[in-house]
Amino acid sequence: MKKRAVLGMALAAVLALSGCKGGQNGQTEENKPAETTSAADKTAAGTTNAGAEAANDPQEEKELNILVMPKLVGIPWFNASDVGAERAGGELGVNVIYAGPTQADAAEQVKMIEDYMNKGLDAICIAPNDPAAIKPVLNSARDAGILVMDWDTPADKEDVDYSVNSVDPVEYGQAIWDCLVEAMGTDSGQYAVITGGLEAAGLNMWIDAGLEYAKVKYPNLELVTERIPSDEQQQVAYQRALELVKTYPDLKGIIGVSTPAPLGAAQAIQEKGLQNQVAVVGGTLPNDASVYLKDGSMDFCIVEANPETLGYATAYVAAYALQGKEIATGLEIPGVGPITVQEDGKTIILGPPLIVDGKNVDDYDF
35 MKKRAVLGMA LAAVLALSGC KGGQNGQTEE NKPAETTSAA DKTAAGTTNA
85 GAEAANDPQE EKELNILVMP KLVGIPWFNA SDVGAERAGG ELGVNVIYAG
135 PTQADAAEQV KMIEDYMNKG LDAICIAPND PAAIKPVLNS ARDAGILVMD
185 WDTPADKEDV DYSVNSVDPV EYGQAIWDCL VEAMGTDSGQ YAVITGGLEA
235 AGLNMWIDAG LEYAKVKYPN LELVTERIPS DEQQQVAYQR ALELVKTYPD
285 LKGIIGVSTP APLGAAQAIQ EKGLQNQVAV VGGTLPNDAS VYLKDGSMDF
335 CIVEANPETL GYATAYVAAY ALQGKEIATG LEIPGVGPIT VQEDGKTIIL
385 GPPLIVDGKN VDDYDF
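Our numbering puts the first residue of the sequence shown at 35, with every later residue one more than the last.
The calculated DSSO-like cross-link candidates involving lysine-lysine, where the alpha carbons are at most 27 Å apart (straight line), are:
1. Lys306 / Lys280
2. Lys380 / Lys191
3. Lys306 / Lys328
4. Lys169 / Lys191
5. Lys153 / Lys96
6. Lys191 / Lys145
7. Lys328 / Lys393
8. Lys328 / Lys280
9. Lys145 / Lys169
10. Lys153 / Lys169
11. Lys306 / Lys393
12. Lys380 / Lys169
13. Lys145 / Lys380
Derived Cβ-Cβ restraints for the label pairs, each shown as a range:
14. Asn394 / Glu192: 39 to 45 Å
15. Asp329 / Gln269: 18 to 24 Å
16. Val117 / Thr363: 23 to 29 Å
17. Val325 / Gln273: 17 to 23 Å
18. Gly219 / Lys280: 21 to 27 Å
19. Asp378 / Asn310: 42 to 48 Å
Hints are computed from structural coordinates only; laboratory data are not their basis. Backbone N, C-alpha and C define an ideal beta-carbon position, used for all residues, glycine too.
Given these sequences and hints, build the entire structure.
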């Protein structure tokens with residue numbers, strides 16, 4: 035059930051509890067979203083609430099409605115993000131609506147956004163399946179005065195006010211290729227990339243960064259085929275991995291990009307008993323990867339961030355911006371720490387990638 039509260043009362047309570055000690059990360063009242071009875075001032079935050087006339091009366095308290103939309107619901111990464119986003123909503127006294135399609139479908143995202151806009155929104159935070167497909171609806175939302183952000187996966191930069199990223203995409207892509215080479219035990223040989231969807235901008239950014247990096251640092255790596263889509267489904271990734279090891283008997287490594295992909299690849303390697311022949315690395319959750327990491331079917335899990343933390347930070351930034359507060363490097367988010375804002379003023383980085391293997395996987399519970 036979504037947590038709903040009157041903004042002024044709930045937010046004041048949060049500030050009262052955390053203000054004297056500065057929160058768990060040295061948070062102070064100055065850099066938490068301030069109590070308000072209206073939507074953000076457009077000149078300060080770059081946006082204002084569509085249809086916010088009712089909030090203009092300083093005597094009338096108004097709840098803010100923030101839509102947080104994943105690429106799809108029902109997979110572990112986005113289930114955990116849901117927990118974090120709704121927790122932020124409850125703590126800050128804003129109404130967080132966490133909703134998305136059941137499959138990675140851009141057209142369904144557009145339809146759902148339009149439906150929620152008709153009900154009244156102050157902010158839309160989306161992980162787009164296809165940036166081009168959602169461009170018109172995001173532009174309509176901004177024209178209506180709705181704050182628009184992306185998270186987890188970028189939209190076109192010109193279509194958003196802020197972009198919340200777990201990690202720097204270039205740094206993340208490079209880390210994946212470094213882990214592949216370490217797991218293979220050589221910087222030469224054949225490998226393949228299994229991704230989620232071919233139009234997923236965030237996944238493509240990581241892959242592109244890794245491929246460019248490998249041209250210079252690992253020129254003897256041989257990519258045997260174009261990136262292979264798995265439709266964000268572990269079973270599809272499993273089937274593709276089985277096909278790869280059959281088609282390319284000299285294959286030395288598989289990179290899985292998108293949380294189900296490395297799990298499916300590791301499942302195939304485990305089934306075929308190829309742990310000592312084919313390395314598997316990629317981005318997924320430590321809890322889901324644990325069994326594969328421990329038996330060597332997966333060598334490294336390269337984690338962007340705790341997905342619950344990402345969901346929390348996304349809702350927090352949206353609420354903070356709607357208060358008319360500055361989003362800048364050094365802003366402390368509870369449980370996250372200080373963020374970095376890049377020179378464009380809208381790209382937010384939460385932290386560096388986390389490398390998990392069979393030795394340290396039990397240190398992480400997400």
